[in-house]
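Kindly produce the complete structure, drawing on both the sequences and the hints.
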Amino acid sequence: MIHSGKKGFELQFHWIFVLIAGALILAFFFNIAYKQKDVSQQKLQLTLATDVENIFTGAILSKETAQTLPVPPQGIAFECTETCTCRFRIDKATKDFGDKAIFAPILLKDQELIVWTVALKLPYRATNLLYITNPNIKYYFVHDETKKQLFEEITKTIPPLIQYETITPSQMPGIKEQDYHHTKFILFETDPRTLDNSFRKASASAIKIDQNGITFYEKSGTELRTVKKLGYAGLPSIYAAIFAEDATMYECGLRTAFRKLSYISQIYAERAAELEQKSTEAGMTWCVYGAGTTTVCEGATSIIGLLCEQQKSSEELATKGLDNSLIVKITNLKTQLDSMNRNYLQQSCPEIF
Amino acid sequence: MRLRKSYQRGLNARPLMNPRGQVKMFETIAVLIVFFFLLFTGSIFYFGAQKSSLQKEKTAASEKYAFQIVQKSLYMPELDCSFLVTQKDNCIDKIKLTKLGQLITTNEKAQEDYYNEFGYATITVNEIYPGQTTQTIYNNTPTEYSGKLASQNPILLYDALQNEYAFGTIEVNVYV
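Protein chains in written order, with this note's numbering: chain U, 1 to 353; chain W, 1 to 176.
Some hints could be false.
[Unchecked claim] Below, simulated SDA-like cross-link-like pairs (lysine to any residue); rule was C-alpha separation at most 25 Å, straight line:
(1) U/121 - U/149
(2) U/156 - W/87
(3) U/43 - U/33
(4) U/201 - U/178
(5) U/278 - W/63
(6) U/121 - U/145
(7) U/121 - W/107
(8) W/58 - W/141
(9) U/334 - W/75
(10) U/95 - W/63
(11) U/201 - U/211
(12) W/64 - U/53
(13) W/72 - W/90
(14) U/95 - W/136
(15) W/64 - U/54
(16) U/121 - W/58
Since the hints were made in silico from the structure, they are not lab data.
Next up, the structure:
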């Protein structure tokens with residue numbers, strides 16, 4: 001009896017040992033497989049994100065072009081925080097926008113991306129703005145037949161790759177939701193109307209463009225509620241508002257552009273001062289650019305004065321946000337700078353830009 | 001007598017586990033040790049291969065990054081030759097070149113912004129003909145780096161005052 005009991009104990013111990021060892025081996029392999037899957041997924045996402053970043057860099061450098069680009073199956077998400085930390089994301093892999101001014105909806109997937117680049121010239125090129133969309137985003141351009149000027153000016157340069165539908169303000173409430181990922185209403189000098197009931201659970205937003213600025217609306221039920229009103233500096237910034245997810249992305253993108261503008265304006269002001277000095281030395285005394293006495297900008301007049309003002313205003317816009325009065329100032333400076341630059345050419349002086 | 005009997009019983013007592021069972025147990029342990037040894041050796045090879053493929057990908061990513069920097073430096077609005085707001089491709093304005101270099105070295109905020117844009121890199125413009133000058137626009141060389149990716153591209157250098165062009169190259173070194 002005692003003998004068989006001991007044998008039974010031995011046998012039981014043997015099986016327990018086998019079970020523990022088996023479980024350990026299985027756990028080991030499961031752990032490796034799980035980690036491997038995780039690592040390879042992360043690697044793939046990171047490679048994708050780097051490739052996509054390269055594509056965006058290439059696209060942003062190409063001049064005034066629209067092109068289609070393949071989209072990864074996971075889609076690409078674009079987001080900007082209130083503190084202007086902007087990034088795009090493919091699943092868990094993220095990349096900062098960096099110095100790129102990108103304007104896109106929050107998520108683009110399933111269909112090819114449409115990428116369009118436009119240079120922001122105020123009046124010289126500050127940077128290229130990159131607009132991204134896809135056919136899953138529906139754009140309705142709402143305009144009154146009597147107020148066509150702004151609408152025509154904006155739609156004239158939109159490339160045919162980007163599709164939109166034109167409707168009148170009275171047609172807006174009758175528009176039904178059509179299973180798009182997002183619907184955006186672009187209102188030209190007209191207020192938004194209540195949307196159809198089919199939009200109650202759909203994703204939709206609107207912007208209103210008029211002479212005073214751009215008003216951003218978000219959907220609440222079937223109503224469009226005002227979120228923010230911001231200024232714009234020329235057509236490229238209007239396009240930025242059309243393609244940006246919200247007011248935050250629009251503001252952050254433009255702040256990036258204005259930061260660039262401030263550096264470029266400073267370079268142009270210093271270049272003009274050097275041109276003035278060298279022109280005088282070469283006997284071209286009529287080429288006056290208006291450099292300051294102590295520093296380039298201190299007491300500067302003529303075109304250098306304007307360039308210094310442009311530098312100061314754009315720096316303020318980049319650091320403090322889009323102040324409407326400063327945007328108006330920059331737009332006025334653009335016209336003055338452009339006209340002055342042409343005068344230099346007529347006087348056989350080196351032009352500034 | 002009683003003591004003797006109990007001593008004898010002790011000598012005749014069976015061990016707790018029989019020797020055959022012990023041998024079996026050692027066998028199993030030995031098999032497990034060999035198994036884990038093989039598994040361990042296999043893992044070393046596998047993870048070694050993984051590491052080398054990761055290294056290759058890292059190198060490819062660095063090359064792509066370097067290419068991005070080269071592209072960016074070639075199309076910088078800060079340097080372009082523009083005539084009545086029209087840009088000329090692959091052309092750098094000589095005065096702008098000097099001014100941008102000065103801006104990056106003297107302005108801390110600009111230094112920070114351009115560092116975000118170009119990272120660890122040096123961007124140098126060389127005039128080859130008619131003059132032979134070298135000018136560094138951006139220099140951020142790390143104290144330690146594992147590799148350097150260099151690229152040279154031909155460009156035109158514009159002298160706005162003389163309205164003349166010179167031939168040159170833009171050299172971009174990216175440190176990884």
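Next on the checklist: Hint check: residue 95 of chain U vs residue 136 of chain W, CA-CA at most 25 Å. Holds or violated?
Outcome noted: Cα-Cα ~29 Å, so violated.
Checklist entry - Does the structure keep residue 334 of chain U and residue 75 of chain W at a Cα separation of 25 Å or less? => result Given pair residue 334 of chain U, residue 75 of chain W holds - Cα atoms ~22 Å apart, limit 25 Å.
Checklist entry - Given the hint that residue 121 of chain U pairs with residue 107 of chain W, does the C-alpha gap stay at or below 25 Å? => result holds, 24 Å
Next on the checklist: For residue 121 of chain U and residue 58 of chain W, compute the direct alpha-carbon distance and say whether it is at most 25 Å.
Outcome noted: Measuring from Cα to Cα gives roughly 37 Å; hence the hint is violated.
Next on the checklist: Run the distance test for residue 156 of chain U versus residue 87 of chain W: straight-line Cα separation, threshold 25 Å.
Outcome noted: holds, 22 Å
Checklist entry - Given the hinted pair residue 64 of chain W and residue 53 of chain U, is their alpha-carbon gap at most 25 Å? => result holds, 10 Å
Checklist entry - Holds or violated: are the alpha carbons of residue 95 of chain U and residue 63 of chain W at most 25 Å from each other? => result With Cα atoms ~17 Å apart, residue 95 of chain U and residue 63 of chain W stay inside 25 Å; holds.
Next on the checklist: Run the distance test for residue 201 of chain U versus residue 178 of chain U: straight-line Cα separation, threshold 25 Å.
Outcome noted: holds, 12 Å
Next on the checklist: With the threshold set at 25 Å, check whether the alpha-carbon distance from residue 278 of chain U to residue 63 of chain W stays at or below it.
Outcome noted: Not OK: residue 278 of chain U and residue 63 of chain W at ~42 Å, beyond 25 Å, violated.
Next on the checklist: Can you confirm whether the C-alpha distance between residue 64 of chain W and residue 54 of chain U stays at or below 25 Å?
Outcome noted: holds, 7 Å
Checklist entry - Taking only the CA atoms, is the gap from residue 201 of chain U to residue 211 of chain U under or equal to 25 Å? => result violated, 32 Å
Next on the checklist: Just to be careful, I want the Cα atoms of residue 121 of chain U and residue 145 of chain U compared with a cutoff of 25 Å; is the pair within it?
Outcome noted: violated, 30 Å
Comparing the model with each earlier hint shows violations of hints 5, 6, 11, 14 and 16; every other hint is respected.
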